[in-house]
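A.B. asks: Residue strings, one per chain:
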Amino acid sequence: MIGITKTFPGVIANDNVTLEVAAQEVHALLGENGAGKSTLMSILFGAYNADSGTIRIHGKEVNIKDPNVATELGIGMVHQHFKLVHNYSVTENIVLGMEPKNRFGVLDIKSAEKRVAALSDMYGLRVNPSDLIENITVGAQQRVEILKTLYRNANIIIFDEPTAVLTPQEIDELIEIIRRLKAEGKTIVLITHKLKEIKAVADRCTVLRRGKYIGTVDVESVTEQHLAEMMVGRAVQFEIEKAPAKPGEVVFSIQNLSVADSQGHMKLKNCSIDVHRGEIVGIAGVDGNGQTELLYGLSGLAPVAEGKILLNGKDITNATIRERIELGLGHIPEDRQRHGLVSDFSISENSALKNYYLPPYSKKYGILDYAKMDEDAAQLIEQFDIRAGRGVKTSAGSLSGGNQQKAIVAREIHLSPHVLLVAQPTRGLDVGAIEYIRHRILAERDKGRAILLVSFELDEIMNLCDRIATISKGAIVGIFNQDEVTEREIGMMMAGSKRTGGEA
Amino acid sequence: MKSETRQEPLSTRMLRSDGAVSVLVVLLGFLVGTILVALVGRNPLNMYKAILQALSGFNIDNGKMNVRYIGETLNYSVPFILCGFSMAFAARAGLFNIGGEGQYIMGMTVATVIGLLGPSITGMHWILAIIGAMLIGAFWGGIVGILKAKYEVSEVVSTIMLNYVALYLSRIISLQLPGASTYRTGSFPETALLNNGFFKTITNNSMLNNGFFLMIIAVVVYWFIMEKTNLGFGLRATGFNKEAARCSGIPVVRSIAISMAIAGAFAGLAGGIVALGSFNYGRILSGMDNYGFNGIAVALVGNNTAIGTMLAGFLFGLLKNSQALMQGKQIPKEITFIIQGLIVVFIALRSAIAIYFAWRNKRQLQKEVLAK
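From first to last, the protein sequence lines are chains F and A.
Just so we're aligned, residue 1426 is where the first sequence starts under the working numbering, counting upward by one.
Just so we're aligned, residue 172 is where the second sequence starts under the working numbering, counting upward by one.
Each hint should be verified, as a subset may be incorrect.
[As the list claims (entries may be wrong)] Computed cross-link-like contacts, DSS-like style, restricted to lysine-lysine with a CA-CA straight-line distance of at most 30 Å: (1) F:Lys1797 with A:Lys235; (2) F:Lys1789 with A:Lys399; (3) F:Lys1671 with F:Lys1872; (4) A:Lys399 with F:Lys1788; (5) A:Lys220 with F:Lys1797; (6) F:Lys1818 with F:Lys1789; (7) F:Lys1739 with A:Lys413; (8) A:Lys399 with F:Lys1818; (9) A:Lys321 with F:Lys1739; (10) A:Lys413 with F:Lys1818; (11) A:Lys413 with F:Lys1788; (12) F:Lys1898 with F:Lys1872; (13) A:Lys413 with F:Lys1733; (14) F:Lys1789 with A:Lys413; (15) A:Lys235 with A:Lys500; (16) F:Lys1624 with F:Lys1490; (17) F:Lys1526 with F:Lys1539; (18) F:Lys1621 with F:Lys1607; (19) A:Lys371 with A:Lys500; (20) F:Lys1797 with F:Lys1872; (21) F:Lys1694 with A:Lys413; (22) F:Lys1619 with F:Lys1898; (23) F:Lys1733 with A:Lys321; (24) A:Lys235 with F:Lys1694; (25) F:Lys1619 with F:Lys1539; (26) A:Lys220 with A:Lys500; (27) A:Lys413 with A:Lys399; (28) F:Lys1607 with F:Lys1637.
[As the list claims (entries may be wrong)] Footprint (simulated), chain A over chain F, 3 or more residues, beta carbon under 8 Å: (29) 1487-1496; (30) 1758-1764; (31) 1790-1800.
Hints are computed from structural coordinates only; laboratory data are not their basis.
Note that beta-carbon positions come from the ideal geometry of N, C-alpha and C, so glycine has one too.
Could you put together the complete structure from these sequences and hints?
C.D. replies: See below:
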């Protein structure tokens, strides 16, 4: 497979990008969020059509107008968000859309199961064909997705951010699987923004930045630092420098908290954490292990089933959201579009979203002082370097993701809360914004705020936090000081096994 | 974005403005209406003559002026505008109030009851009746708001059902009133009527009455609450993004209940004004007046703003007043309903225009890229 050239105007997601992948190599596609990696791969897989450019496979020009054509050409894709039916078995999911029939036209699941088992053995995927999807781990579900492509005789397999949902141990396993696939003659395209993985498994790497082709390098011959610079376009600071924490008294105490999700399943069980003044406590864990419920329970978005929450010694377990805010609980929510901002409101209105009803924004008889709002918002825009085309009147929805997040962070810090809940603060942001927001969070810590940080990025947790609690299946597995624990140990705990000697 | 700093051509800026689109849509509605009139073999010019007369009082055929038509057009507009506000107020908070009709009927009924049985004090009586109409409207809308906010009952369903409850409840109550026959109650005392001698004089005995004042006050109140108060701020935030509003501590449950109650008060006010400003007796409704439903269209055309909704309500009042004049000129009066309907359908153009712009931006970028 040599030579894919294509431009994809629209929002110029791909601007004259070339990707050449040699047969039987592992080729990484590196770029920040929004650099156009996924768009490019979607074109290759037939989900979008390119506006110009050509795709050639083994030198032959092809027209991939929909995913079925891609499948026929031997291209398979392992999506970031699995496309699996949860109450179907592994085999049923794999054959979905091309069910084998016997000569009476009846579904012949047995022969399919045999083939799935054979493929699973051949590539060391360790999947039981008759298990139900809902009963197997996320890592195993991903292997089912891989099997799906193999079952369809894929020779080129695209992995879209495959490690985003995995624990460190599962990542190691995946890397083994990728090596095995390569050894068996498959060609792999690996989409990622994680440099370590590229160093670990890829042969060559193509870098995209803002839709443009930057270059293709041999992974052997370059350093991580060099790759990062290609990706971002300037020198990058990996580790954030921070002074040691000076924790004070406990200001935020979570005691035996249990919270159910909207379906009534108890997703957070008996969770206890104390957060002191001037420290950042991180919650490490794989997505979906109760972090969302923890944040909902603490912020008041969901009712608490059991347990207590104390803020400065005051019981806020059953307080309304507004009462919590008034008592000094700040919240940078996980889903900034849904919970953080009103996208049709201006930056100015969004900055006042939590305290518009109080002086100085509200005067007598509830009359609003928009001039004062604009004035304060203009200051925040300057202080927090929010890039907005039309100043304070810019609608929040028209800002880029990084600037939206800056606007939220600006509002929360401006409210000067005692306790700041921070969820996934840098997800989907470019490196510049990530650095900036991390520094701001640290500055709040140094001001003596208590900060609880939830993140699925282990790097972020290790970098930023003073103490780290690991959550698995809704329970806290252990709480350690940052310097007392390694990434591998946290990885073990994320998968659910306790480390001995922990304080929890 | 580079393209944003460039000055756009006037046509583009017009299409991006909601107000300009509304005007365009109205013109389109009239254009198609004109074609339809021509198709059935009548002279479209007569339609415009009738509309001109309803608008300015000037009869182009005999050159005579009668300001009464202006008064009637304004008077007809009042319930359209107020029911438009009923829809618009709820819509700004993210709710779909189809219950304007029921809130209107309840307002009308209570105004009739107070008009007939209330204390016959000059200057007080009608005010009392109007306040009663607004309160019952607020109650009728508020029930829906509470059901929605507390128990997540769809406001669309509950408002539609309450419209029928209102209609038949109104009949039951009105039939008990003194002097009730099959279609009317006894006469109101003079103190209950909204008559305004000054308006009558300057508009050559039109029906224009104190309701017009109340409507003007309502426009100001609507604008003030929405744009200037923290109540309106919270309601708009709830309407745009309920989840973000809740997460920011805005009491969403209360916002929804309050907005439905205020919406109901607007429709109730419309009912009170029609009850005490049209006839000197109470009506026993045999069907719905449809002001509440027309209010939905009015708010759509007016884009839920104070001024826009007022102008759209005037348009609907104008068309209603032209109906009789059209019939006199061999134009079927149904054409006004067709034009109203067309306008509502064309409002969907807003999204079509958005799609057009997306497509055009794409083309633009494509050209820029290929030029390189």
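A.B. asks: Name the hints, by number, that the structure is in violation of.
C.D. replies: 1, 5, 12, 16, 24, 25, 29
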